[in-house]
Each structure stands twice: as C-alpha cells, then as structure tokens.
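**Student:** Those protein sequences? They're chains A and B, same order as listed. First residue of the first sequence: 266, per the working numbering; consecutive thereafter. First residue of the second sequence: 4, per the working numbering; consecutive thereafter.
Be aware that one or more of the hints could be misleading.
[As the list claims (entries may be wrong)] In silico DSSO-like pairs for lysine-lysine, Cα to Cα no more than 30 Å straight-line:
| id | chain 1 | residue 1 | chain 2 | residue 2 |
| --- | --- | --- | --- | --- |
| 1 | A | 340 | A | 575 |
| 2 | B | 201 | A | 519 |
| 3 | A | 314 | A | 626 |
| 4 | A | 589 | A | 626 |
| 5 | B | 143 | A | 575 |
| 6 | A | 314 | A | 589 |
[Stated by the list, open to error] So the derived label-pair ranges between C-beta atoms look like this:
| id | chain 1 | residue 1 | chain 2 | residue 2 | range |
| --- | --- | --- | --- | --- | --- |
| 7 | B | 20 | A | 674 | 16 to 24 Å |
| 8 | B | 73 | A | 307 | 23 to 31 Å |
| 9 | A | 305 | B | 20 | 51 to 59 Å |
| 10 | A | 695 | B | 284 | 50 to 58 Å |
| 11 | A | 695 | B | 13 | 24 to 32 Å |
| 12 | B | 99 | A | 342 | 52 to 60 Å |
| 13 | B | 29 | A | 375 | 22 to 30 Å |
| 14 | A | 538 | B | 210 | 55 to 63 Å |
| 15 | A | 432 | B | 145 | 24 to 32 Å |
If you're looking for bench data, these hints aren't it; they were derived computationally from the structure. Note that the Cβ used here is the ideal one computed from N, Cα and C, for glycine as well.
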Amino acid sequence: MNTTIRVLMGATALSAVALTAQAETLTIATVNNGDMIRMQGLTDDFTAKTGHTVEWVTLEENVLRQRVTTDISTKGGAFDIMTIGMYETPIWGANGWLVPLDNLSEEYDVDDILPAMAGGLSHDGTLFAAPFYGESSMIMYRTDLMEAAGLEMPDAPTWDFIREAAAAMTDRDAEINGICLRGKAGWGEGGAFITAMSNSFGARWFDMDWKAQFDTQPWADTLNFYKGMMDESGPAGYATNGFNENLSLFQQGKCGMWIDATVAASFVTNPDDSTVADSVGFALAPDTGLGKRSNWLWAWALAIPAGTQKQDAAVEFVEWATSKSYIDLVAANEGWANVPPGARTSLYENPNYQAVPFAQKTLDSILSADPNNSTVEPSPYVGVQFAAIPEFAGIATDVSQEFSAAYAGQQTVEEALAKAQAITTDAMEAAGY
Amino acid sequence: MATQHSRSAARIMMAPAVVLLLGWMLVPLIMTLYFSFRNYLPMRGGDLGWAGFDNYARFVTSSAFWPSIFTTLIIVGSVLAITVVLGVLLAILLNQPMWGRGFVRILVIAPFFVMPTVSALVWKNMFMDPNYGLFAYLWKFFGAAPVEWLSQASLPSIVIIVSWQWLPFATLILLTAIQSLDSEQLEAAEMDGAPATKRFAFITLPHLGRSITVVILIQTIFLLSIFAEIFVTTGGAFGTKTLSYLIFQRVLESQNIGLGSAGGVYAIILANIVAIFLMRIVGKNLDA
Numbered sequence: 266m267n268t269t270i271r272v273l274m275g276a277t278a279l280s281a282v283a284l285t286a287q288a289e290t291l292t293i294a295t296v297n298n299g300d301m302i303r304m305q306g307l308t309d310d311f312t313a314k315t316g317h318t319v320e321w322v323t324l325e326e327n328v329l330r331q332r333v334t335t336d337i338s339t340k341g342g343a344f345d346i347m348t349i350g351m352y353e354t355p356i357w358g359a360n361g362w363l364v365p366l367d368n369l370s371e372e373y374d375v376d377d378i379l380p381a382m383a384g385g386l387s388h389d390g391t392l393f394a395a396p397f398y399g400e401s402s403m404i405m406y407r408t409d410l411m412e413a414a415g416l417e418m419p420d421a422p423t424w425d426f427i428r429e430a431a432a433a434m435t436d437r438d439a440e441i442n443g444i445c446l447r448g449k450a451g452w453g454e455g456g457a458f459i460t461a462m463s464n465s466f467g468a469r470w471f472d473m474d475w476k477a478q479f480d481t482q483p484w485a486d487t488l489n490f491y492k493g494m495m496d497e498s499g500p501a502g503y504a505t506n507g508f509n510e511n512l513s514l515f516q517q518g519k520c521g522m523w524i525d526a527t528v529a530a531s532f533v534t535n536p537d538d539s540t541v542a543d544s545v546g547f548a549l550a551p552d553t554g555l556g557k558r559s560n561w562l563w564a565w566a567l568a569i570p571a572g573t574q575k576q577d578a579a580v581e582f583v584e585w586a587t588s589k590s591y592i593d594l595v596a597a598n599e600g601w602a603n604v605p606p607g608a609r610t611s612l613y614e615n616p617n618y619q620a621v622p623f624a625q626k627t628l629d630s631i632l633s634a635d636p637n638n639s640t641v642e643p644s645p646y647v648g649v650q651f652a653a654i655p656e657f658a659g660i661a662t663d664v665s666q667e668f669s670a671a672y673a674g675q676q677t678v679e680e681a682l683a684k685a686q687a688i689t690t691d692a693m694e695a696a697g698y
Numbered sequence: 004m005a006t007q008h009s010r011s012a013a014r015i016m017m018a019p020a021v022v023l024l025l026g027w028m029l030v031p032l033i034m035t036l037y038f039s040f041r042n043y044l045p046m047r048g049g050d051l052g053w054a055g056f057d058n059y060a061r062f063v064t065s066s067a068f069w070p071s072i073f074t075t076l077i078i079v080g081s082v083l084a085i086t087v088v089l090g091v092l093l094a095i096l097l098n099q100p101m102w103g104r105g106f107v108r109i110l111v112i113a114p115f116f117v118m119p120t121v122s123a124l125v126w127k128n129m130f131m132d133p134n135y136g137l138f139a140y141l142w143k144f145f146g147a148a149p150v151e152w153l154s155q156a157s158l159p160s161i162v163i164i165v166s167w168q169w170l171p172f173a174t175l176i177l178l179t180a181i182q183s184l185d186s187e188q189l190e191a192a193e194m195d196g197a198p199a200t201k202r203f204a205f206i207t208l209p210h211l212g213r214s215i216t217v218v219i220l221i222q223t224i225f226l227l228s229i230f231a232e233i234f235v236t237t238g239g240a241f242g243t244k245t246l247s248y249l250i251f252q253r254v255l256e257s258q259n260i261g262l263g264s265a266g267g268v269y270a271i272i273l274a275n276i277v278a279i280f281l282m283r284i285v286g287k288n289l290d291a
C-alpha cells in the first residue's frame with residue numbers, strides 16, 4: 266500500500282468520523298395541520314442531505330401554543346425548533362428568546378419572502394422566524410348555490426351583500442346554511458375572526474392611550490351584525506364552531522359561504538375530501554366601505570429558541586423546510602395545489618402555481634392586510650386579528666368567551682360588550698398600561 | 004412484639020419513601036406559595052419582585068372568581084347526586100340473577116377505563132353535535148329542533164359527560180357492598196310482609212351508607228379539579244369555567260404565574276374546606 270492510498274484512506278476515515286460527530290437529532294414542535302404533516306413525511310430528504318435526524322412533537326394548535334410558550338418562558342429546552350406564529354415572534358424576539366435569522370445562506374434568498382410575512386415575523390427589522398406558510402382569510406363560496414339564488418359574487422363584496430346572499434342561499438330543510446363563520450371561544454379561534462371583522466366596521470381593541478374600546482358604537486355594530494346574520498343564516502351551534510368544524514360543514518355541502526383561512530382553499534377544492542370541490546369560488550373578505558377589509562394575516566413559522574445546543578443543525582432545518590427547493594419537492598410529490606402557500610414571492614411568479622384556482626386571490630388577500638395599520642382609527646398595536654402584546658392572548662380568550670355566550674343567547678350583545686370592556690380595562694391596568 | 008432495635012430499623016428503611024413522598028407533595032406546594040407572593044410574568048421579563056398579597060386580592064376580586072366557585076360546586080354536587088342515585092339503582096340491578104350478568108357488568112364498568120379527553124371528544128362530536136350528533140338525529144326524527152347542547156345547555160352537558168365517566172366507579176363500589184348484604188335478613192323482612200320500598204329504605208340503604216360515603220369522598224377530591232372535559236368541549240365558555248380552569252387560564256393563557264399560583268392556594272383552601280365539611284357531615288358513617 267503506497268503512501269498516497271494510506272493518506273486517502275486516513276482522510277476518508279476522518280471525514281466519516283467528523284460527519285458522524287456533526288449529525289444531530291433535532292426535536293421539533295409543530296402543529297397538526299395538513300401542511301406540517303406533509304413536511305414530516307418528506308423529512309427523509311432533509312436527513313439524506315444533511316445527515317441530521319428529526320424527532321417530531323405534533324400537537325393541536327391550542328396545546329402547541331401552551332407547550333412552546335411554557336417551554337421557552339421557563340427555559341425548558343425541550344425543543345430545538347418551534348412552530349410559532351406572528352403573535353409570538355415579535356414578542357419573543359424582543360425578549361431575546363429566539364435566535365435571530367440574520368445569517369441565512371445566499372441560496373436561501375431571504376429577500377424572496379413576502380414583505381408582509383417578513384414584517385410580521387421580525388422585531389426591529391431582524392427576522393426571528395422563517396415562514397413555513399403564510400395565510401390571510403377570504404370568502405370561499407358555492408358557485409352553484411350563488412347562481413341558484415340569482416346572485417353574482419363580486420370580487421370584493423360588502424358585508425351587506427354577504428348577509429343578503431347568505432339569507433338567499435339558506436335552505437334549512439335541505440340543511441344548507443347560507444354562511445358558516447367561527448364563533449368558538451379562544452383568541453385564535455372566534456376571537457381572531459371577530460377582531461378581523463371588527464376592523465372593517467371601524468372598531469379597534471385599544472385607542473392610542475391603550476384604553477379598551479368595547480364601549481364604542483363600531484363594536485356594537487360588529488357584534489349585532491355578526492349575531493343577526495348568523496342567527497338568520499348560520500348553522501346550528503355556530504357558537505362552538507371553529508376552523509375544523511366549519512371546514513367539515515363546508516366540505517359536506519352544508520355551507521353557502523365560509524370566510525376563513527386561505528389555506529383552507531386547497532382542502533375544499535380537493536375532490537378526495539370535499540363533496541363540493543368542483544363548485545367553489547373565491548372572493549376577498551368583505552368590507553363596509555370604510556377602507557379596511559375583514560381579512561387577517563398569519564404565518565406559521567419555524568423559530569429556533571436561544572440556548573439550543575444544536576443551533577447550526579437547526580438553522581439547516583429551517584432553511585430546508587422554508588426554502589424554494591422544499592416547495593419544488595412538495596410540488597413533485599403532491600402537486601402544485603398542495604405546496605405551502607403565502608410565504609415566497611417567487612411562488613406567485615411561477616406559472617405552474619398561477620394556474621391553481623385560488624393562488625391569485627390568496628396573494629391579493631395577503632397583500633391587502635397590513636399589520637402595522639390594521640384599523641380605521643389609529644391604534645397603538647401591531648397585528649390584524651390580534652394586538653401583539655403579551656397580555657393579549659389571556660384577555661382575548663376571556664373576551665371571546667363572553668362573545669360566544671352572546672352568540673348562544675346566554676346574554677345580550679350589550680352585556681357581552683360591557684363585560685369585555687371591564688375584563689380588558691382591568692387586565693390592562695394591572696399590566697401597567 | 005417489635006423490639007426497640009427492629010422499630011429503629013423499620014424507621015430507617017421507611018425513611019427514603021417517606022422523604023420522597025413528602026418532597027413530592029411539599030416541593031410543589033412550597034413553590035406555589037412562593038410564586039403566589041411574586042410578581043412573576045414570564046412574557047414581561049420573568050420574576051419582577053415581591054407582590055405581597057396583590058395576587059390574592061386580584062384573583063379574588065376578578066369578575067370570574069365567584070362564578071367559577073359556583074360552577075365548580077354545581078358540577079361537583081350534580082355529578083355526586085347523579086352517580087350516587089344511579090349507582091345504587093344499577094348496583095341493585097346488577098346484583099339480580101340474570102342471563103349474561105358478567106358481560107353486562109363489564110359493559111357498565113367500561114366507561115371508567117376511557118380517558119377523560121377521549122370521552123369528552125366522543126360526547127362532543129358523536130352525541131352532542133347539533134349537526135351530526137346522534138341526539139340531533141333523534142330530535143329531528145321526532146320533528147323537534149336539535150338542542151345546541153354545549154352552548155345552550157352547557158353545564159348540564161358537562162355534568163352528563165362527567166357523570167357517565169364516574170358512574171361505573173360508584174356502581175362498582177356499591178355493587179361490592181351490596182354483595183356483602185346478608186340475604187337472610189332480606190328474606191326475613193319479605194316473609195314479615197315488608198314491601199320492596201321498605202326493604203330498600205330500612206335494610207339495603209343503611210347497609211350501603213359506608214360505601215356511599217367512600218364514593219362521595221373520593222369523587223369529590225377528583226371532581227374539584229375537573230379540567231379535561233371543559234377544555235375539550237367548551238373551552239371555559241358559556242359559564243363552564245371552574246376554579247381549576249380559571250387557574251389554568253391565568254397561568255397558561257395570561258402567562259401570569261403569580262396570579263395563577265394565588266388561585267392555586269385558594270383551590271387548596273377550598274378543597275380543605277370541602278373535605279372538612281364532608282368529614283364532619285358524612286364521615287361519621289366511617290366510624291360506625
């Protein structure tokens with residue numbers, strides 16, 4: 266054996282040892298929705314490229330939020346990567362709890378991330394989480410029922426039109442409800458919907474002095490309109506319906522219209538899951554002519570908690586899962602309609618994706634939501650369907666419980682708003698605002 | 004007879020278990036007490052210092068406090084009433100000689116082995132859903148509008164779900180007790196012409212007294228901290244927020260550890276008040 270071969274063999278052995286030493290096992294907390302489950306199925310691609318393996322902790326949305334919040338606030342260190350949203354990211358970034366993503370590779374092309382998404386996932390201009398997918402909300406409606414009602418859905422309808430169309434499409438005997446909307450208690454469920462809706466009615470959570478605003482006319486208008494329309498044309502028990510319940514109702518042909526997350530478009534147009542897949546149309550969320558539409562802005566994003574021992578491997582995973590090549594991987598395996606939407610500009614420039622029926626409306630909805638300027642009157646907070654302050658989740662859950670009780674007829678709208686005002690005022694005073 | 008030496012040896016051998024158990028109970032208790040006096044807000048920078056009795060005052064003056072206490076007591080009281088009454092009836096029924104008795108007993112006891120979260124989900128989606136639930140179909144079959152159980156009859160719905168889970172426990176304890184009842188006593192009463200209602204009231208029920216007490220005490224301890232069924236079905240809305248649910252919201256939703264800990268101390272105090280009350284009123288039966 267000559268010297269060259271010995272040197273080469275030694276180098277190979279050393280490389281193998283080095284690769285083994287660098288291979289990490291990452292623990293990732295994620296939400297149990299379709300896009301994330303799909304990502305888990307494709308993890309082998311990441312392992313093949315990097316040598317790192319992945320252990321998933323998959324949880325329902327509310328439980329995930331509580332688990333990751335508790336873990337990061339107590340420095341538990343259970344996760345190397347966390348799936349978080351636009352609400353948590355700026356707050357946690359400001360607290361120094363997240364690794365700043367300011368050193369991503371050139372190939373990753375961070376400038377390709379949609380500005381609305383990058384803005385919502387940053388603090389002081391630094392990106393703290395990479396969007397896996399982004400969403401707004403829009404109207405999904407049954408084209409056949411709309412036609413039978415003798416109406417035509419505008420691209421950008423008003424709430425008055427929606428109420429009129431919902432009443433026209435409702436056929437209780439055939440178990441068809443004109444409109445399905447979230448009423449379920451919880452800040453990220455019914456709370457998110459009614460907050461986005463209230464923006465279009467000129468309402469806001471706080472004025473510029475952080476005083477609660479539930480004693481103002483726009484909030485009364487919002488809740489009375491919502492309850493009136495849902496009592497007329499909504500499904501039974503709408504006060505307990507959230508995203509999943511309404512998705513199921515719509516897929517089974519029991520809703521004329523549904524206003525909810527844009528990612529639902531791929532579920533309601535998938536013939537394997539939806540009985541009405543071939544007759545779904547899309548429109549922008551409604552307004553009342555005040556200059557704000559009632560659509561929200563959200564991203565499920567991957568963030569790395571500060572203090573993880575596997576930061577380099579975690580960055581590699583975040584880049585892999587939120588990259589252009591991951592989108593291509595999903596498209597090759599599952600088709601373009603199933604790629605994670607709403608995160609990258611280049612996706613909407615891709616002719617393959619432009620052919621997907623809901624692509625343009627999703628982009629239009631995302632672009633029309635501005636988290637820094639979400640209300641008609643000026644407000645001191647960032648966020649469309651939430652206010653990005655630490656106290657918001659607790660307050661909004663309490664408030665949405667009062668609203669849900671009003672939807673169910675357990676109290677009047679006026680009583681619910683009075684309680685919401687008291688709850689919010691009390692909590693904000695206690696927090697030192 | 005144990006010698007001084009063997010008693011010492013026993014103490015030394017038991018010491019690790021006793022220390023472990025004490026630690027198991029005392030560490031969380033002391034931490035809860037400690038945090039209840041701290042202004043501990045993880046999202047606002049962590050432990051912000053001494054809070055005195057502010058957390059206690061805020062928790063008890065919150066508009067949600069008294070309703071949560073009443074909700075807790077209503078749920079505990081209702082579930083106890085339903086499980087004890089139905090438990091006695093089922094125990095008597097299952098004690099009768101009948102075909103397939105062993106199989107029926109297993110069926111009756113089965114719900115006790117279902118996790119609370121699972122049973123709540125099953126009740127919510129398969130029975131109480133106003134669109135797809137079995138009850139909705141039944142109501143529609145008879146021409147009535149379906150009941151929106153979880154929003155319009157929220158507390159009764161929770162009570163039904165929890166009672167369904169705890170009825171097997173009550174039945175099992177009471178069935179065991181009823182099996183120890185001397186049948187000659189009942190036969191003698193029957194021969195003396197005592198009707199079934201009187202035989203039940205003067206022989207069976209007094210015999211079951213001690214078991215009913217055990218059922219009430221054990222169930223009360225568990226029912227005071229009821230949580231999963233509410234989390235899964237109503238999320239604390241529609242007046243179903245119990246004290247333990249309120250504490251959960253303050254700690255996890257509002258991320259206020261100090262306030263939630265003060266609530267935890269109140270919960271301990273409430274549990275002790277209820278326990279002392281129960282021991283005084285019904286615990287006498289245990290001495291007999």
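**Student:** If you check the beta carbons of residue 305(A) and residue 20(B), does the distance land in 51 to 59 Å?
**Tutor:** violated, 43 Å
**Student:** Can you confirm whether the C-alpha distance between residue 314(A) and residue 589(A) stays at or below 30 Å?
**Tutor:** This hinted pair holds, its Cα atoms lying about 15 Å apart.
**Student:** Taking 55 to 63 Å as the stated bounds, is the beta-carbon spacing between residue 538(A) and residue 210(B) within them?
**Tutor:** Hint holds: Cβ distance 58 Å, inside 55 to 63 Å.
**Student:** Given the hint of 24 to 32 Å, is the C-beta distance from residue 432(A) to residue 145(B) inside that range or not?
**Tutor:** holds, 28 Å
**Student:** Given a hint of 22 to 30 Å, does the C-beta separation of residue 29(B) and residue 375(A) actually sit inside it?
**Tutor:** violated, 51 Å
**Student:** Has the hinted range 16 to 24 Å been met by the Cβ atoms of residue 20(B) and residue 674(A)?
**Tutor:** violated, 55 Å
**Student:** Against the range 23 to 31 Å, how does the distance between the Cβ atoms of residue 73(B) and residue 307(A) compare: consistent or not?
**Tutor:** Since residue 73(B) and residue 307(A) have Cβ atoms about 51 Å apart, the given range 23 to 31 Å is violated.
**Student:** Residue 143(B) and residue 575(A): Cα distance at most 30 Å?
**Tutor:** violated, 58 Å
**Student:** Return holds or violated for the Cβ distance of residue 695(A) and residue 284(B) against the range 50 to 58 Å.
**Tutor:** Once the Cβ atoms are compared, 39 Å apart, the range 50 to 58 Å for residue 284(B) and residue 695(A) is violated.
**Student:** Run the distance test for residue 314(A) versus residue 626(A): straight-line Cα separation, threshold 30 Å.
**Tutor:** violated, 35 Å
**Student:** Would you check the hint for residue 201(B) and residue 519(A), treating anything up to 30 Å between C-alpha atoms as holding?
**Tutor:** Answer violated: residue 201(B) to residue 519(A) is near 56 Å, above 30 Å.
**Student:** Take the C-beta atom of residue 99(B) and the C-beta atom of residue 342(A), compute their distance, and say whether it sits inside 52 to 60 Å.
**Tutor:** At 59 Å between Cβs, range holds.
Checked against the numbered hints above, the structure breaks hints 2, 3, 5, 7, 8, 9, 10, 11 and 13 and satisfies the rest.
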